[in-house]
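Start from the sequences and build out the full structure, keeping to the hints where you can.
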Amino acid sequence: MRAVIIVLLFLVMLSCTPENKEDQTSGKVFPFKIHQKSFPNDLNVVTVPYESPGIVSFYIVVRVGSREEVEEGKTGFAHFFEHMMFRGTDNYTREEYDAILKSIGASANANTWLDRTVYHMTGNAEMLDKMFEIESDRFFNLNYSLHGFKTEAGAVKGEYTKNYASPFMQLSEKTAATAFTEHTYEHTTMGLWEDVVDMPNQYEYSLQFFERFYRPEYSTILVVGDVTPEKVNSLAEKYFGNWERGNYVPEIPVEPEQMETRYAHVQNPNFPPFISLNFKSPAFNPERKDNAALEIISQILFSEKSDLHKKLVIDENIARNINSRYLYTRDPYLFSVGVSLKKAEDLTYVKEEILAAINNLKENGIDPQVLEDTKSHMKYAFATSLNSSSSIAQSLSYMIWVTGDPGALNSYYDQVDRLTIQDLQEIAKKYLVPEKLTISTISPAEEGGVS
Amino acid sequence: MNNLKFYISIFVLSIISIQVIGQELAELKKETSNIIVLKYMFNVGSMMDPVGKEGLTQLTASLIIDGGTEKYTKSEIDDLLYPMAGELGLTVDKEVTVFTFEVHVDFTENFYNIIKGLVFNPALSEKDFNRIKSNQLNYVDQIIKASSDEEYSKMALEDLLFRGTRYQHMVSGTSSGVNNITLDDVRNHFATYFTKDNLLIGIAGKYADSFKNKIVVDAAKLPSLTTELPEPPIIDMPDGISVEIVEKTNALGSAIYTGYPLNVTRSNDDFAALMVANSWLGEHRKSYGQLYQKIRDTRSMNYGDYSYIEWYRNGGRYQLPPPHVPRHSNYFSLWIRPVQIADQLQQQYPELNGINVGHAHFAIRLALREINRLLKNGLSQEDFELTRQFLRSYIKLYIQTPSQELGYLMDSRFYNRENYIEELDQLLATLTLEDVNSAIRKYLQIENMYVAIITDDSEADPLAQSLEKNNASPMSYSNLVREGLSLDVTNEDEEIANFTLNVKSVEIVDSKETFK
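Sequence order for the protein chains is X and E. Just so it is clear: in the first sequence, position 377 is 376 by numbering that gives the first Met the number 0, and no numbers are missing. Just so it is clear: in the second sequence, position 298 is 297 by numbering that gives the first Met the number 0, and no numbers are missing.
Derived by calculation from the structure, the hints in this document are not laboratory data. Treat the hints loosely; a few may be bogus.
[As the list claims (entries may be wrong)] Derived DSBU-like pairs: lysine-lysine, alpha-carbon spacing no greater than 30 Å straight-line:
no. : chain 1 : residue 1 : chain 2 : residue 2
1   : X       : Lys230    : E       : Lys285
2   : X       : Lys374    : E       : Lys115
3   : E       : Lys195    : E       : Lys132
4   : X       : Lys279    : X       : Lys173
5   : X       : Lys341    : E       : Lys515
6   : X       : Lys342    : E       : Lys205
7   : E       : Lys285    : X       : Lys378
8   : E       : Lys70     : X       : Lys309
9   : E       : Lys293    : X       : Lys374
10  : X       : Lys27     : E       : Lys205
11  : E       : Lys247    : X       : Lys342
12  : E       : Lys195    : X       : Lys32
13  : E       : Lys126    : X       : Lys350
Since this is a predicted model, take the numbers as computed values, not measurements.
Next up, the structure:
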């Protein structure tokens, strides 16, 4: 048995050793060549040359987000830590780092979400060497003071404060907490208010957090624009070649099967009534049809083209808008459709209409032309969105954080191409069912009243 | 031979049409692009809304882009555009309205044949009108007041700063204004202002000249302008600092936006010098601005703090300034993102039990004192060089996509420039430190200003009193932060807490009373 494992390990290692990988572009939805190089420390480096004279987008995708916040009292920490990455290093104070960043003349920032933290800058391609230098410096030599740590916690509280003004943020907190009972997706990336207030006391934990996650095996460097892969790979070697691999792997709790419909509600008399239906949906896997099918379903049933939109928004005019949201995530998350209404009395009716649209698909399928139009819509929407180095980098970074491989984009669109009406029906029957559903509402009443 | 005739006739037609119409066209051909972008920029904005019909331009433009045409209903258009993934965009501001249409080059002709109906022959139907009006009214009555207090504070400041002028009301209008609008008002507004000689057309991406000529010829079918365009307002400097506090229930913080009229726009070469000073003081969403460093970085008071020398649309969303909001009446402003209120601080930290005002007064004092310091000290040579270097690279990021580049090109015309970004780069290249310091002395001041604050009803009264009486406003840190502060910071805090503001009036307004 042990011999088998060793042979398997050897094969896995072999499969990693071809260092340079180039995805072919002909006939693919993503039209640019993706150059990948995997370093011995497991750092992945991706380059996409693109015609953006003098401009380059430099991204580092770290696969740590609120999903990895498995410990009690640490919600929001991945996001908070992203803030700390701007607080100085052994070599540069915060002020010096700012001055260097300013000299690069880039649009630079970072953001954190369920499955990842992304550090990005777009700017002068001639400054790429400097971009590599300051990024590697903070990934290797991060050093902030205890006071700096406590002070930055106030900025996170300020971010929570500004976001909290929106009833949608309040509802998304409640929806996550209702739909999930074990998995870390039960809290938002912003974290729980009490944990945010307690952040200044977590200095020691922050050092541990950095040790665990800011490692090459969690990271991908992505450069898009006026560059060559040779240059990027040589800079990556120079600045990140010595990055030491870590060994931490978090145990993400598995969410138990949901058995019945759940409800979340926010009372607000000064906001348009709102209802959303959130079905547990599968983790992203470009080799399976499930995600592509759900995205197509989301378009067909709930976009402006949909019969439901024509009925509720245009003809009956009881709804202000319909929005569907289907996200690619590393673990099972939510397929959501939300409707903003004129009157709270219509909440139940709208819920029934959404369910009826889903049931109609399950039972009767759809017009084949609608499926073809939707495939066309998705592919052209994607193709036209690739209009700058930063938009291309964003698209690729999404695939990197959910799968680790930017080439998954083309695999995903291959799935879209192959989908049939029967596939859509099968996937709808599998996921869009009452026992996987959480219904969230905003209305003037104390309770949602749609059960 | 026939082909030759055809091309000659097209050529002659295009020359004639451009000459006859005298229509303006901004062009940005990109042979390697896979998209085509069309923009129609009309010189009509919320400034042209009639009295009592505030919100009419927005409603008219929304009905154009989100309604049907003479040939197709709204739903038919949705169906037709769907396989192409064609994008329709709308920006309405005080003085201009811009429609943006973008599609893959595979669909140029089909797409254009549909969207031209929207601009030239919109249905303006009763059914679409009722739907869109209801949503616009809901935005004014509820959404703006209950979604983002910082966006609300920006609208509240414009309402205060431009009070009594046609710039005062939000682009979306007022509650009574939108309520009063009839479908006939919309039809009249469309006929009056959406005319061929009130229009700048923009085209970008990959296209044939014959297509470009066609869109020019089609636009010439619009009627002519028969009314005179109103003059943008000239805003007087306020006498002292005038504060309006909007109180609402359940606000977690105080969102602050301040400003005063500024007699310079992109048209003036001084703008480049002022841009350097402003960038140093508070570049949008950048950690290297002085305001950000002192308020957020050093004192942990909020999420960010920035300054502006022109209107910045939807700053909470965009890192880089989007085009299509050119204005003649300009103002300088400070954005202080929500700071903590007393009630929240007391709940979080027992040591702050005794306070009765949160951080808003201190934050305003700090920001104005920073401007004052800039006025007194000017910029150093080192800061000037670094900031200029930053800007010369950064402004090129404003125009990364064909749509953005075309947008900036069209806005250039509004300011009587050929290509603002290129010209700005040249102006920045030849600037001197003295130019910047002279612009600082000429345009920055802290004596006269409007301040809008959105806050919790528990905070409004104590904050109003503190501001009105110019009470000292010592910074109330939690012990966690206080214990690590340097002497430099605490000494500076002492000065800030007692920094005199020229406050002349403070009013509290109930949120329900705003934008009525």
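Hint check:
1. X:Lys230 with E:Lys285: 29 Å, holds
2. X:Lys374 with E:Lys115: Holds, at about 26 Å.
3. E:Lys195 with E:Lys132: With a Cα-Cα distance of about 26 Å, the restraint between E:Lys195 and E:Lys132 holds, given a limit of 30 Å.
4. X:Lys279 with X:Lys173: 15 Å, holds
5. X:Lys341 with E:Lys515: The given pair, whose Cα atoms are some 20 Å apart, holds under the 30 Å limit.
6. X:Lys342 with E:Lys205: 46 Å, violated
7. E:Lys285 with X:Lys378: Violated: E:Lys285 and X:Lys378 sit about 35 Å apart, past 30 Å.
8. E:Lys70 with X:Lys309: 18 Å, holds
9. E:Lys293 with X:Lys374: 51 Å, violated
10. X:Lys27 with E:Lys205: Distance of about 21 Å is within 30 Å: holds.
11. E:Lys247 with X:Lys342: Within the cut-off at roughly 23 Å; holds.
12. E:Lys195 with X:Lys32: The hint is violated at about 44 Å.
13. E:Lys126 with X:Lys350: 24 Å, holds
Of the hints listed earlier, those the structure fails to meet are numbers 6, 7, 9, 12, in rising order.
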